[in-house]
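Number of protein chains: 2
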Amino acid sequence: MTIKVRNTLSNKKEEFYPQRENFVSMYVCGITPYDEVHLGHARVYVVFDIVKRHLLRRGYIVKHVQNFTDVDDKIIKRSQEKNMKPSELAQIYIEDYFVQAGRLNILKAEKYPRVTQMIPEIINFIKDLVSKGFAYKLGGDIYFSVEKFKDYGKLSKRNLKDLRAGARVDVCDGKNSAFDFALWKNTKENEPREVVWESPWGKGRPGWHIECSVMSSELLGNTIDIHGGGQDLIFPHHENEIAQSEAKTGKQFVKYWIHNGFVTINKEKMSKSLNNFFTLKAIFEKYSPRVVRYYLLMQQYSSPLDFSDAGIESAKNTLQGMDDTYLRLISSVKESAAEITDKDLSDLQENFLNALDDNFNSEKALSYLHELKGLISKGLLIAGRERLSQLKKLFEDFAGTSLGIVLPEEQNTDESLQNLLKERNDARKNKNWAESDRLRKLIDEKGYKISDNKDGSSLLVKKV
Amino acid sequence: MTIKVRNTLSNKKEEFYPQRENFVSMYVCGITPYDEVHLGHARVYVVFDIVKRHLLRRGYIVKHVQNFTDVDDKIIKRSQEKNMKPSELAQIYIEDYFVQAGRLNILKAEKYPRVTQMIPEIINFIKDLVSKGFAYKLGGDIYFSVEKFKDYGKLSKRNLKDLRAGARVDVCDGKNSAFDFALWKNTKENEPREVVWESPWGKGRPGWHIECSVMSSELLGNTIDIHGGGQDLIFPHHENEIAQSEAKTGKQFVKYWIHNGFVTINKEKMSKSLNNFFTLKAIFEKYSPRVVRYYLLMQQYSSPLDFSDAGIESAKNTLQGMDDTYLRLISSVKESAAEITDKDLSDLQENFLNALDDNFNSEKALSYLHELKGLISKGLLIAGRERLSQLKKLFEDFAGTSLGIVLPEEQNTDESLQNLLKERNDARKNKNWAESDRLRKLIDEKGYKISDNKDGSSLLVKKV
Chain A
780 MTIKVRNTLS NKKEEFYPQR ENFVSMYVCG ITPYDEVHLG HARVYVVFDI VKRHLLRRGY
840 IVKHVQNFTD VDDKIIKRSQ EKNMKPSELA QIYIEDYFVQ AGRLNILKAE KYPRVTQMIP
900 EIINFIKDLV SKGFAYKLGG DIYFSVEKFK DYGKLSKRNL KDLRAGARVD VCDGKNSAFD
960 FALWKNTKEN EPREVVWESP WGKGRPGWHI ECSVMSSELL GNTIDIHGGG QDLIFPHHEN
1020 EIAQSEAKTG KQFVKYWIHN GFVTINKEKM SKSLNNFFTL KAIFEKYSPR VVRYYLLMQQ
1080 YSSPLDFSDA GIESAKNTLQ GMDDTYLRLI SSVKESAAEI TDKDLSDLQE NFLNALDDNF
1140 NSEKALSYLH ELKGLISKGL LIAGRERLSQ LKKLFEDFAG TSLGIVLPEE QNTDESLQNL
1200 LKERNDARKN KNWAESDRLR KLIDEKGYKI SDNKDGSSLL VKKV
Chain B
780 MTIKVRNTLS NKKEEFYPQR ENFVSMYVCG ITPYDEVHLG HARVYVVFDI VKRHLLRRGY
840 IVKHVQNFTD VDDKIIKRSQ EKNMKPSELA QIYIEDYFVQ AGRLNILKAE KYPRVTQMIP
900 EIINFIKDLV SKGFAYKLGG DIYFSVEKFK DYGKLSKRNL KDLRAGARVD VCDGKNSAFD
960 FALWKNTKEN EPREVVWESP WGKGRPGWHI ECSVMSSELL GNTIDIHGGG QDLIFPHHEN
1020 EIAQSEAKTG KQFVKYWIHN GFVTINKEKM SKSLNNFFTL KAIFEKYSPR VVRYYLLMQQ
1080 YSSPLDFSDA GIESAKNTLQ GMDDTYLRLI SSVKESAAEI TDKDLSDLQE NFLNALDDNF
1140 NSEKALSYLH ELKGLISKGL LIAGRERLSQ LKKLFEDFAG TSLGIVLPEE QNTDESLQNL
1200 LKERNDARKN KNWAESDRLR KLIDEKGYKI SDNKDGSSLL VKKV
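These protein sequence lines map, in sequence, to chains A and B. Residue numbering for the first sequence follows this note's numbering, beginning at 780 and increasing consecutively. Residue numbering for the second sequence follows this note's numbering, beginning at 780 and increasing consecutively.
None of these hints come from the bench; they were simulated from the model. Certain hints may be false.
[As the list claims (entries may be wrong)] DSS-like cross-link-like pairs, simulated, lysine-lysine; straight-line CA separation at most 27 Å:
(1) Lys1046/A with Lys1030/A
(2) Lys791/B with Lys1143/A
(3) Lys1157/B with Lys1095/B
(4) Lys1228/B with Lys1095/A
(5) Lys887/B with Lys911/B
(6) Lys1172/B with Lys1143/B
(7) Lys1065/A with Lys1208/B
(8) Lys887/A with Lys1201/B
(9) Lys1095/A with Lys792/B
(10) Lys1060/A with Lys792/B
(11) Lys783/A with Lys1030/A
(12) Lys1208/B with Lys1208/A
(13) Lys783/A with Lys940/B
(14) Lys792/B with Lys1143/A
(15) Lys890/A with Lys916/A
(16) Lys1208/A with Lys1228/B
(17) Lys1242/B with Lys1201/B
(18) Lys1143/B with Lys1220/A
(19) Lys911/B with Lys1060/A
(20) Lys1157/A with Lys1201/B
Note that this is a predicted model, so its numbers are computed, not measured.
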């Protein structure tokens, strides 16, 4: 077997060869905990849960790292509205994440790093970029200079010329390039003290993109096997991660980039800005997490998923059918009484022959033929083909060979009879008892008995 | 194994050891072909057919001889009434015998000797008895002198003293003993020329008993393993056979004497004299030979069988049930589509894993989970326990391990629910659809779905 992965970097499906033979390092961008997780998040984390489960199933040791962006403009704004510390707000929604992810049966990552626990490593990483000339100071901020990184745009397949052409030029912006991005942000007025850190460039906090470069290199090494997230992160977030990491290490940052398709609702991308996001909490009031997970699996991860009630309803019905079948299966397997053993058959044969050995007792032999008949009736429900063949052989040995009872033959020649039988079974299905009785009588007059099998099928037995 | 036989001679059940290790010689007294065979005959020949089949089943080579008494007072009388030759009449009823015995599926004997084909051997046998002093001439007849044979009565457990006491003494009878019997009968007036043979004692024909002694020694040797017939033949026929044969050879005539019980009709012995015999031809118009054979097997051979319509009707129903079960069995075995092979499962597993290998395609993987579901539904009808366990393992591997779908658990805790389910199933059995719907709704309101198995059983599935 070879696993193949659609790699956003090459835009091709590639054979998957991690750096180490049986070990896979995987970094998945986590949530910014300033609100409840929604269906869009659910898809990302279910998709990478499938990736992880399959890698494990195929025998890899998987180290999976997923971050929490617990310092961010939105967190600060929302925490101020709610008169909370940012850390308190973040903690609430980090816990919400674990609750909902648990309900979706998503395997835990090996590490869940948070920005607030990585500040020294982030500062060192930025210092290194500055000293290597990839970053510059502007006011109290540090910016990454995209012009200095020759491969900029290789993931999102853009180049700076096109970007410039398409970009609104902000006159008040002193950046070398409109696409330079902040690695370190100078503390603004009335930002909570909690999100203010000392740095070589004065008080401030990290920009968004830097954390992932730092966390992945710290926890998984300079080159990682899989980096994943939603398509919406390809540009600028992941593009910028590549710039930061490869500028610093000179090594390839990620071997395989995996991005899942958007979740749209009535074809509109799901997001907070548009007021169309479904929180999982809300969805789970209507659909169980099992149904939601099943629904998310129904569309291959790379395609967009357009949420619809019809879709999730059908997922619900399908899953109900699965449960139904599975429960019938385990009840059948548990039904140990149903088993017919080799010993049952050999004992029965011994008893049968002993009955005839004992002064040719046909009366007693018949009683064992009856026991065999009972086993056969049971066997028709629970025994496999091989066992049924043994039962057949035994019946023919008892009734045919030893007792000389001519065995009946299947009656499947007369087409008109078969048609009558079909009509009668249809009538029966439609609960048209009068009609089915009428047809049964007709068949009876032709000298046949109808034998209805437990499985709903029927056959004709010539009357003796 | 040891076969045990109830031996009329010892009046005990004895272990069966034929003279030769793997060979059994068996002589069964056949019919006198002057009328159609009846139920009494059917029993004798079915009983010894079971004896023969079981000896064969146990690995013996069986040489079975059964005679036709084609010279006899009754044949002569009846043929004269019908203006036929005795041989013509006999031939008609010999053919009737083969037709009816064939319909009863009775195995053919190895030899069917007829008196008319054994005359020289019979005459020699009688000459030998005369010369040894066991027989004497009276008029043109030759009689066997029972007083001369010391063991006379050993089979029927009588002795001559008692016999004499019980016998009407025929004054006009010149026999030494009232129980002396004719070996050779002088030709009377207007007997058909066809049944007249020259002999040392003038024109005549054999008596009844002599033929069996001659035929068995000629075809099976002086001592035979099994001699059989109906109980009514024990005295005088078989008693006289012993006297003739052992007087001539000085050897034991028969090792094991087997006699089947009478057939009575409303407790009266079946015979021509009483007008209560059923010809097979007549019975077969109402009951198939298979039913008649089955009926005869239902009573151990040594017990009397009292014919009753109730009895044969129940045999008919039982046999119908046997046919029904057997036909369902062979249709299940033939249903080759029903088979689930190891390859089915390994292919399915390979396809499932390949789907996930190919860029983690959960959509495609689900389609194979559906295929598995189909196999399971089929398996619930036709697969054995081991196969069902494999299907269960595979389902848990696909849905649980790889796709992370939490598997449902059996809902068999809530007793009140189980009772509702039971009530609803009873209502259903009684075709009380309104009530069963009402109960289904009740169960539905409690959050459960009813899953009806093909085998009529039901279980509860929690709604997803």
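Checklist entry - Can you give the numbers of the hints that this structure goes against, from lowest to highest? => result Structure breaks hints 1, 3, 5, 7, 8, 9, 10, 13, 15, 18 and 19.
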